[in-house]
Amino acid sequence: MSWWQTFLGFFLPNVLGYGGGPAMIPLLQVQVVKAYHWVSNAQFADALALANVLPGPIATKMAVYVGYQVSGWLGMVLALVATVVPSALALIALLRLLNRYRTADPVRGMTLLVQPVIAVLMVGLTWEFGADAVHHLGWLQSLGIALLALWLMQRRRVHPAFVIAGAFVYGGLVVPWLGAW
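In case it helps, our numbering puts the sequence shown at residues 1 to 181.
Calculated directly from the structure, the hints in this document are not laboratory data.
Here a beta-carbon is modelled for each residue, glycine too, at the ideal position from N, C-alpha and C.
Careful, some of the hints might be misleading.
Said to hold, decoys possible - What follows is a set of in silico ranges between Cβ atoms, one per label pair, in the way DEER data are often shown: (1) L173 - W127: 32 to 40 Å; (2) T126 - R157: 20 to 28 Å; (3) G172 - A131: 19 to 27 Å; (4) W127 - T103: 34 to 42 Å; (5) V85 - V117: 39 to 47 Å.
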């Protein structure tokens with residue numbers, strides 16, 4: 001197995017996978033399972049499941065796993081570089097371009113129009129998560145958790161990471177116990 005193939009096997013899906021990790025996964029599966037036969041479909045599915053559980057970008061975790069399977073430590077590094085560097089360079093180039101033309105009306109209009117779109121997407125996501133919480137916990141418990149989180153962050157100035165960790169502990173220890181009642 002050549003190092004060039006290892007690099008190319010991860011470079012192409014990440015360059016052509018417009019839309020981030022989820023859009024890149026089918027392209028990566030074609031490369032590593034069907035084109036190069038580095039891992040089986042079952043191994044790919046297991047790696048994908050594990051990558052979804054762990055924090056961070058899916059593509060980098062998949063690159064580390066499959067790259068290591070293919071060529072050991074060097075394969076892992078090559079797959080990781082092929083996954084991260086092209087996107088990082090494109091982002092740097094795009095940010096430089098946006099910075100150069102930030103006072104131009106089209107660029108200002110673009111950035112102003114993106115803000116409400118992001119806000120609407122975040123409201124939709126929050127609504128979805130809220131509906132799921134209410135479905136599993138009920139209105140009273142969901143409202144109580146939301147109000148407690150708001151009070152902790154706004155009034156007590158507790159860092160959101162600690163509030164999230166507290167909710168994680170509550171969900172893991174208290175909610176299953178309440179469900180047993």
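Next on the checklist: So, against the hints stated earlier in the document, which numbers end up violated here?
Outcome noted: 1, 5
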